[in-house]
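Let the sequences and hints guide you as you build the complete structure.
Chains G and Y, in that order, give the protein sequences.
Using full-length UniProt numbering, you'd call the opening residue of the first sequence number 1 and step up by one each time.
Using full-length UniProt numbering, you'd call the opening residue of the second sequence number 1 and step up by one each time.
Hints listed in this document are in silico derivations from the structure and should not be mistaken for laboratory results.
Identical copies look the same in the list; a pair holds intra-copy or inter-copy alike.
Below, in silico cross-link-like pairs of lysine to aspartate or glutamate (EDC-like), each with a Cα-Cα straight-line distance of 20 Å or less:
(1) LYS421 <-> ASP225
(2) LYS392 <-> GLU321
(3) LYS192 <-> GLU291
(4) LYS421 <-> GLU222
(5) LYS71 <-> GLU61
(6) LYS392 <-> GLU317
(7) LYS192 <-> GLU293
(8) LYS408 <-> ASP6
(9) LYS71 <-> ASP34
(10) LYS408 <-> ASP278
(11) LYS408 <-> GLU311
Number of protein chains: 2
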Amino acid sequence: MANPNDPALRSWIDIAPTSDFPIQNLPFGVFETDERGPRVGVAIGEYVLDLYAVAQFGYFEDLELGPKMPKIFRRRSLNQFIALGRPAWRAVRQRISELLRHDNPTLARNEEAMHSCLLRQSDVRMLRPVRSHNYTDFYSSIEHATNVGIMFRDPANALLPNWRHIPIGYHGRASSIVVSGTDIRRPNGQRKAPDAAAPTFGPSQQLDFELEMAFIVGRGTELGDTVPIQNAEDYIFGMVLFNDWSARDIQSWEYVPLGPFLGKSFGSSVSPWVVTLDALEPFRVAGPVQEPEPLLYLRQLDEHNFDVNLEVGIQPEGGLETVVSHSNFGLMYWSMAQQLTHQASNGCNLEVGDLYASGTISGTTPDSLGSMLELAWRGTRPVPLADGSERKFLQDGDTVTMRGYCEKDGLRIGFGEVTGKILPANTL
Amino acid sequence: MANPNDPALRSWIDIAPTSDFPIQNLPFGVFETDERGPRVGVAIGEYVLDLYAVAQFGYFEDLELGPKMPKIFRRRSLNQFIALGRPAWRAVRQRISELLRHDNPTLARNEEAMHSCLLRQSDVRMLRPVRSHNYTDFYSSIEHATNVGIMFRDPANALLPNWRHIPIGYHGRASSIVVSGTDIRRPNGQRKAPDAAAPTFGPSQQLDFELEMAFIVGRGTELGDTVPIQNAEDYIFGMVLFNDWSARDIQSWEYVPLGPFLGKSFGSSVSPWVVTLDALEPFRVAGPVQEPEPLLYLRQLDEHNFDVNLEVGIQPEGGLETVVSHSNFGLMYWSMAQQLTHQASNGCNLEVGDLYASGTISGTTPDSLGSMLELAWRGTRPVPLADGSERKFLQDGDTVTMRGYCEKDGLRIGFGEVTGKILPANTL
Chain G
1 MANPNDPALR SWIDIAPTSD FPIQNLPFGV FETDERGPRV GVAIGEYVLD
51 LYAVAQFGYF EDLELGPKMP KIFRRRSLNQ FIALGRPAWR AVRQRISELL
101 RHDNPTLARN EEAMHSCLLR QSDVRMLRPV RSHNYTDFYS SIEHATNVGI
151 MFRDPANALL PNWRHIPIGY HGRASSIVVS GTDIRRPNGQ RKAPDAAAPT
201 FGPSQQLDFE LEMAFIVGRG TELGDTVPIQ NAEDYIFGMV LFNDWSARDI
251 QSWEYVPLGP FLGKSFGSSV SPWVVTLDAL EPFRVAGPVQ EPEPLLYLRQ
301 LDEHNFDVNL EVGIQPEGGL ETVVSHSNFG LMYWSMAQQL THQASNGCNL
351 EVGDLYASGT ISGTTPDSLG SMLELAWRGT RPVPLADGSE RKFLQDGDTV
401 TMRGYCEKDG LRIGFGEVTG KILPANTL
Chain Y
1 MANPNDPALR SWIDIAPTSD FPIQNLPFGV FETDERGPRV GVAIGEYVLD
51 LYAVAQFGYF EDLELGPKMP KIFRRRSLNQ FIALGRPAWR AVRQRISELL
101 RHDNPTLARN EEAMHSCLLR QSDVRMLRPV RSHNYTDFYS SIEHATNVGI
151 MFRDPANALL PNWRHIPIGY HGRASSIVVS GTDIRRPNGQ RKAPDAAAPT
201 FGPSQQLDFE LEMAFIVGRG TELGDTVPIQ NAEDYIFGMV LFNDWSARDI
251 QSWEYVPLGP FLGKSFGSSV SPWVVTLDAL EPFRVAGPVQ EPEPLLYLRQ
301 LDEHNFDVNL EVGIQPEGGL ETVVSHSNFG LMYWSMAQQL THQASNGCNL
351 EVGDLYASGT ISGTTPDSLG SMLELAWRGT RPVPLADGSE RKFLQDGDTV
401 TMRGYCEKDG LRIGFGEVTG KILPANTL
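Here it is in structure tokens:
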């Protein structure tokens with residue numbers, strides 16, 4: 001069998017070289033149309049491959065996917081498919097790769113099947129790909145943590161003492177994770193300016209994005225179990241882009257001592273296509289040197305970061321988009337494997353579909369920062385947009401779009417985008 | 001129809017006056033036996049009423065509980081039943097009250113039905129009553145927050161500036177909520193003594209309980225919706241006892257700046273019977289005076305606290321239990337209505353089954369504190385046990401049991417208990 005990551009593979013579907021979804025990617029998502037209920041699909045070029053239809057035509061029959069086939073592909077989330085386990089994910093991806101190869105006539109020459117299985121992405125609605133019952137947001141970019149420390153604490157001691165020892169994280173709100181394209185309503189909340197006598201309640205004046213990536217857990221554990229660092233990636237199904245919308249004024253008033261709460265829980269956006277860790281394999285890179293060396297349970301060999309180019313654009317209502325940041329996921333100080341092993345190190349049970357977000361991914365230059373807070377440096381250097389306006393934080397009507405892709409030796413594996421538009425706050 | 005809270009009601013089942021489960025209570029839970037899969041039941045005296053059996057005998061037929069009947073009573077959680085809404089909860093509780101009344105022969109004289117519907121509590125295994133996809137832990141006892149502030153921050157400014165303005169809370173880990181009776185394994189984790197040069201990884205040396213109560217959401221909202229304070233209790237199905245196990249050494253090293261994480265997520269225990277807010281109605285009390293007056297969205301009239309007597313016992317392996325604390329839920333500074341309204345105030349969507357815990361419920365006297373941290377005052381005044389030993393924190397083999405009940409005018413409505421035994425940490 002051909003390696004589905006082989007850069008030489010081609011599909012009988014015409015795919016632009018700049019597409020995020022060549023035959024080497026094959027990310028999983030959930031879509032619906034007016035005629036078809038929620039179904040699992042795979043992105044290929046400008047198309048979606050309907051896996052329920054593929055299964056109905058019998059193309060998965062010899063894969064031994066279990067008694068729930070083909071119903072697992074007619075679900076509102078990927079969870080049941082993911083729960084089948086890595087051998088199943090790999091078998092399905094391998095089969096899809098075969099079916100889409102330029103030299104395989106099985107699907108390409110079966111007009112009825114092709115018509116039934118392939119839909120244009122522009123003709124479907126993408127849904128939230130995974131139902132995550134548990135969502136942790138880490139804080140694993142050393143540049144971001146340092147920037148926040150400089151702004152809000154002590155520039156001379158910007159990183160807190162625990163930061164280089166622990167992949168710091170907190171539990172986020174799972175219910176308000178929404179798929180790309182969902183509008184985000186500006187939250188009302190309590191905030192208090194440092195010089196104000198008392199707090200007030202009203203629309204956040206410091207609405208922000210956070211450029212993040214997140215991984216989806218593909219294998220659960222029992223309470224009391226742990227995950228050795230060398231096995232941690234076996235528990236990861238794939239990755240998405242993640243916008244951890246943040247209301248800085250609400251957050252700064254509420255977060256001491258128990259952490260972020262309503263400053264975050266009004267919404268978090270995910271991209272609709274989950275790129276498998278298998279597809280990302282060619283893009284492994286070493287992370288930053290960790291100093292001091294982590295404790296034994298977090299110590300890893302080899303390369304556990306992934307080289308994903310990221311960008312953030314802001315488009316004002318009716319205007320053109322300005323790309324305000326370029327960053328890279330490969331910069332992360334703590335790897336996904338370390339995050340996952342740490343999460344489970346106290347015996348906390350993992351569940352299939354758990355979402356673990358990276359924390360804001362900031363680079364080392366002023367144009368590579370992952371939030372408005374940092375880009376405009378707490379409002380002191382407003383960010384210019386193409387329409388001549390500028391931003392300290394987000395305005396109503398702004399659409400924020402994040403994109404990500406890997407590129408190496410002529411092969412491009414992309415994540416598509418996660419986008420959301422700010423609606424005005426509810427009137428009080 | 002008789003008011004199911006009427007203190008004069010009696011059942012044809014013999015119920016001890018000290019029972020937590022008289023005919024005026026009728027809490028809901030989920031049980032199983034070797035013969036019967038998971039089913040919804042109601043506690044009555046020393047018995048469980050099997051609602052699936054009751055439904056099969058046709059006793060709910062005229063209640064119009066919808067097309068999912070009677071399957072909703074053959075489920076591993078109460079969620080589907082709760083999702084039917086308050087009119088359904090009330091209709092079912094009313095009907096059960098009627099069936100169990102001393103003067104109603106319908107069930108009492110139908111030997112076949114009675115045999116099928118009533119099981120001894122000692123013959124069933126109780127399961128986690130609700131599947132909570134979202135769990136928030138509040139911090140709403142002013143005595144607890146003050147004690148923690150005195151111990152870890154500034155005795156002169158023990159309460160943080162936001163505390164009297166916001167029902168402070170944080171998202172907890174939903175996956176590790178377990179039912180009473182589940183053993184709790186001592187977690188391993190990173191901790192660093194203040195005078196140590198570097199952290200180490202190993203078993204927590206400061207394992208603690210937190211005496212809490214929690215409420216279960218019975219009605220969801222859409223993202224962007226809010227819950228006016230005057231309607232907040234309409235969204236609450238009922239309450240349980242809650243032990244928020246805490247590893248203080250892990251917590252104190254990890255929690256700045258993003259809050260508690262692995263110091264809590266290794267397990268949280270709930271009592272198996274959910275006492276409805278309807279059953280608690282006779283036990284309303286006013287809460288403490290709130291000063292300053294909360295902002296308008298949190299301002300409430302009437303009485304929104306509930307007078308629940310609470311106690312905590314510690315039983316060493318093979319020894320007798322010592323009750324180490326007596327507290328009361330009526331002391332809480334922030335009410336459940338205020339917590340829920342605050343949670344939803346930024347548009348965060350609620351889901352049926354959400355669990356909102358109160359935070360540690362401490363009283364004003366040294367014997368009414370809700371955690372070992374406070375009872376032993378950070379290890380400075382060890383707590384004596386009946387077997388002659390003493391505790392600064394919990395030891396392996398200790399069983400912690402929390403109990404709660406309301407009592408007024410001869411009527412007692414109880415919660416049963418939430419209990420858990422500490423197992424030794426996994427070897428590294």
